[in-house]
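Order-wise, the sequence lines are chains A and B.
Per numbering that gives the first Met the number 0, residue 0 is the first one in the first sequence, and the count goes up by one each step.
Per numbering that gives the first Met the number 0, residue 0 is the first one in the second sequence, and the count goes up by one each step.
Check the hints yourself; a few may be wrong.
[Stated by the list, open to error] Computed list of lysine to aspartate or glutamate pairs in EDC-like fashion (alpha-carbon distance at most 16 Å, straight line): (1) B:226 <-> B:210; (2) A:40 <-> A:75; (3) B:157 <-> A:52; (4) B:183 <-> A:99; (5) A:95 <-> B:181; (6) B:143 <-> B:102; (7) A:8 <-> A:23; (8) A:95 <-> B:191; (9) A:8 <-> A:21; (10) A:40 <-> A:79; (11) B:143 <-> B:98; (12) A:95 <-> B:180; (13) B:157 <-> A:79; (14) A:95 <-> B:210; (15) B:157 <-> A:82; (16) B:226 <-> B:212; (17) B:226 <-> A:56; (18) B:226 <-> A:52; (19) B:226 <-> B:208; (20) B:157 <-> B:241; (21) B:183 <-> B:241; (22) B:143 <-> B:99; (23) A:95 <-> B:208; (24) A:40 <-> A:81; (25) B:157 <-> A:49; (26) B:226 <-> A:59.
[As the list claims (entries may be wrong)] Listed next, with one range per pair, are the computed distances between beta-carbon atoms: (27) A:67 <-> B:163: 19 to 27 Å; (28) B:115 <-> A:92: 35 to 43 Å; (29) A:110 <-> B:212: 31 to 39 Å.
[Unchecked claim] Every beta carbon over 12 Å from chain A, so not counted as near; a handful from chain B, in silico: (30) 62; (31) 121; (32) 139; (33) 140; (34) 148; (35) 215; (36) 219; (37) 220.
Hints were generated in silico from the structure; no laboratory data involved.
All C-beta atoms, glycine included, are put in the ideal place defined by N, C-alpha and C.
Spelled out, the chains give:
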Amino acid sequence: MNCQTLRQKLAEYVGEMLPAADRDALSAHILGCTECTALVKPLRDLACREVIDSLADYLDGTMSGADSRSLALHLELCTECEDYLDAYQQTIRLAKTSSEPPCLDPPLPDALVRTVLAWRNRPPEAR
Amino acid sequence: MAPGAVQETRTAKSRELQIDPGHLSMPNPRRDLVEPAEVAYDAAMDSDPSELGALSPANGDMSLVERLRRGDEAAFASLVEQFGPRMLAATRRILVQEEEAQDAVQEAFFQAFRALGQFSGQSSLGTWIHRIAINAPLMRLRSKKRRPETSIEDLLPKFDGGGHQIDAQSWADPESVCSAEEMKRIVRRGIEELPESFRTVLVLRDIEELDTEETAQLIGITSNAVKVRLHRARQALKTLIEPYLLEKRG
Numbered sequence: 000m001n002c003q004t005l006r007q008k009l010a011e012y013v014g015e016m017l018p019a020a021d022r023d024a025l026s027a028h029i030l031g032c033t034e035c036t037a038l039v040k041p042l043r044d045l046a047c048r049e050v051i052d053s054l055a056d057y058l059d060g061t062m063s064g065a066d067s068r069s070l071a072l073h074l075e076l077c078t079e080c081e082d083y084l085d086a087y088q089q090t091i092r093l094a095k096t097s098s099e100p101p102c103l104d105p106p107l108p109d110a111l112v113r114t115v116l117a118w119r120n121r122p123p124e125a126r
Numbered sequence: 000m001a002p003g004a005v006q007e008t009r010t011a012k013s014r015e016l017q018i019d020p021g022h023l024s025m026p027n028p029r030r031d032l033v034e035p036a037e038v039a040y041d042a043a044m045d046s047d048p049s050e051l052g053a054l055s056p057a058n059g060d061m062s063l064v065e066r067l068r069r070g071d072e073a074a075f076a077s078l079v080e081q082f083g084p085r086m087l088a089a090t091r092r093i094l095v096q097e098e099e100a101q102d103a104v105q106e107a108f109f110q111a112f113r114a115l116g117q118f119s120g121q122s123s124l125g126t127w128i129h130r131i132a133i134n135a136p137l138m139r140l141r142s143k144k145r146r147p148e149t150s151i152e153d154l155l156p157k158f159d160g161g162g163h164q165i166d167a168q169s170w171a172d173p174e175s176v177c178s179a180e181e182m183k184r185i186v187r188r189g190i191e192e193l194p195e196s197f198r199t200v201l202v203l204r205d206i207e208e209l210d211t212e213e214t215a216q217l218i219g220i221t222s223n224a225v226k227v228r229l230h231r232a233r234q235a236l237k238t239l240i241e242p243y244l245l246e247k248r249g
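Generate coordinates for the entire structure from the input sequences, incorporating the hints supplied.
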């Protein structure tokens with residue numbers, strides 16, 4: 000695959016209509032070619048909003064293969080979306096670690112413990 | 000089954016805990032994957048030497064449960080001491096207001112005590128009671144008269160007419176910004192600021208690590224709604240903590 004092939008097949012490539020092998024070969028070429036990256040980027044830029052809206056599905060691996068490859072290519076070409084993805088992933092990680100010990104899990108207040116433990120002394124009908 | 004009763008079942012791939020009332024089946028396939036944090040938690044919950052001696056974790060749970068069923072005072076105290084703090088941390092994440100969070104812990108313990116007869120030991124006691132603790136604040140939220148929430152729109156990313164991002168910025172490494180504990184405080188404050196319906200989904204999915212289906216069943220919304228809320232909650236949280244994390248320029 001080379002620059003001329005991309006120009007010939009640009010519409011099919013952007014429209015995800017190429018056989019997988021051709022598409023992957025073109026993607027590999029684009030990633031290594033500044034000129035072709037500049038050619039494809041404006042076309043991909045149209046999907047910025049779509050890319051951001053789809054990040055959760057992309058990270059979960061629940062997108063179709065074609066959509067996932069298309070999104071991955073956009074992320075390769077678009078610094079803003081790449082930064083957004085990085086910050087989005089950091090947010091998920093930080094949310095998860097925000098509750099890790101030793102910062103939380105304080106002892107229960109004494110009054111609450113007393114109330115909970117008093118349950119066993121209640122008559123059965125009051126339980 | 001009586002209201003509030005808990006029933007355990009076991010499927011080939013996942014443990015399942017069903018809480019009545021209300022369509023609250025809670026299978027969690029992730030819990031059968033080998034996740035270090037979960038394994039460490041279960042080990043910590045199950046290996047109190049004063050309770051278990053040389054018994055296996057499952058046998059230890061059953062031993063404690065048997066004592067609870069007999070009304071052993073020390074067993075009740077042990078259960079509250081062992082699991083109460085983590086339960087309160089979980090209810091606080093969902094309810095934010097301290098008094099409500101404590102009330103939810105109390106309700107969860109009472110529900111667990113009433114359901115001891117159905118605990119079979121097929122999942123760990125820690126996992127079983129923690130799920131009840133997560134459900135208690137959700138039941139409170141469902142029974143409360145819902146107030147209009149603050150809109151989350153202002154916290155979502157902005158695009159120009161062509162769909163391009165506006166004001167996209169790269170983040171510094173969080174560890175270079177402040178201490179890990181300070182970052183945790185910043186993030187927890189951000190989570191507390193999220194509107195309730197978004198905060199709940201983010202807590203259940205990203206912190207409690209329930210899957211989409213479980214979360215949908217617990218809250219009573221569709222799986223698609225869970226996915227949409229989770230994505231927006233993450234985006235909003237990103238916006239809220241971003242001022243602390245932007246790369247210094249120049």
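Here is what the structure says about each hint:
{"no.": "1", "hint": "B:226 <-> B:210", "result": "10 Å, holds"}
{"no.": "2", "hint": "A:40 <-> A:75", "result": "10 Å, holds"}
{"no.": "3", "hint": "B:157 <-> A:52", "result": "12 Å, holds"}
{"no.": "4", "hint": "B:183 <-> A:99", "result": "9 Å, holds"}
{"no.": "5", "hint": "A:95 <-> B:181", "result": "15 Å, holds"}
{"no.": "6", "hint": "B:143 <-> B:102", "result": "14 Å, holds"}
{"no.": "7", "hint": "A:8 <-> A:23", "result": "13 Å, holds"}
{"no.": "8", "hint": "A:95 <-> B:191", "result": "14 Å, holds"}
{"no.": "9", "hint": "A:8 <-> A:21", "result": "10 Å, holds"}
{"no.": "10", "hint": "A:40 <-> A:79", "result": "12 Å, holds"}
{"no.": "11", "hint": "B:143 <-> B:98", "result": "15 Å, holds"}
{"no.": "12", "hint": "A:95 <-> B:180", "result": "13 Å, holds"}
{"no.": "13", "hint": "B:157 <-> A:79", "result": "12 Å, holds"}
{"no.": "14", "hint": "A:95 <-> B:210", "result": "14 Å, holds"}
{"no.": "15", "hint": "B:157 <-> A:82", "result": "14 Å, holds"}
{"no.": "16", "hint": "B:226 <-> B:212", "result": "10 Å, holds"}
{"no.": "17", "hint": "B:226 <-> A:56", "result": "8 Å, holds"}
{"no.": "18", "hint": "B:226 <-> A:52", "result": "11 Å, holds"}
{"no.": "19", "hint": "B:226 <-> B:208", "result": "14 Å, holds"}
{"no.": "20", "hint": "B:157 <-> B:241", "result": "14 Å, holds"}
{"no.": "21", "hint": "B:183 <-> B:241", "result": "14 Å, holds"}
{"no.": "22", "hint": "B:143 <-> B:99", "result": "12 Å, holds"}
{"no.": "23", "hint": "A:95 <-> B:208", "result": "9 Å, holds"}
{"no.": "24", "hint": "A:40 <-> A:81", "result": "13 Å, holds"}
{"no.": "25", "hint": "B:157 <-> A:49", "result": "12 Å, holds"}
{"no.": "26", "hint": "B:226 <-> A:59", "result": "10 Å, holds"}
{"no.": "27", "hint": "A:67 <-> B:163: 19 to 27 Å", "result": "22 Å, holds"}
{"no.": "28", "hint": "B:115 <-> A:92: 35 to 43 Å", "result": "37 Å, holds"}
{"no.": "29", "hint": "A:110 <-> B:212: 31 to 39 Å", "result": "38 Å, holds"}
{"no.": "30", "hint": "62", "result": "18 Å, holds"}
{"no.": "31", "hint": "121", "result": "25 Å, holds"}
{"no.": "32", "hint": "139", "result": "16 Å, holds"}
{"no.": "33", "hint": "140", "result": "19 Å, holds"}
{"no.": "34", "hint": "148", "result": "19 Å, holds"}
{"no.": "35", "hint": "215", "result": "15 Å, holds"}
{"no.": "36", "hint": "219", "result": "21 Å, holds"}
{"no.": "37", "hint": "220", "result": "16 Å, holds"}
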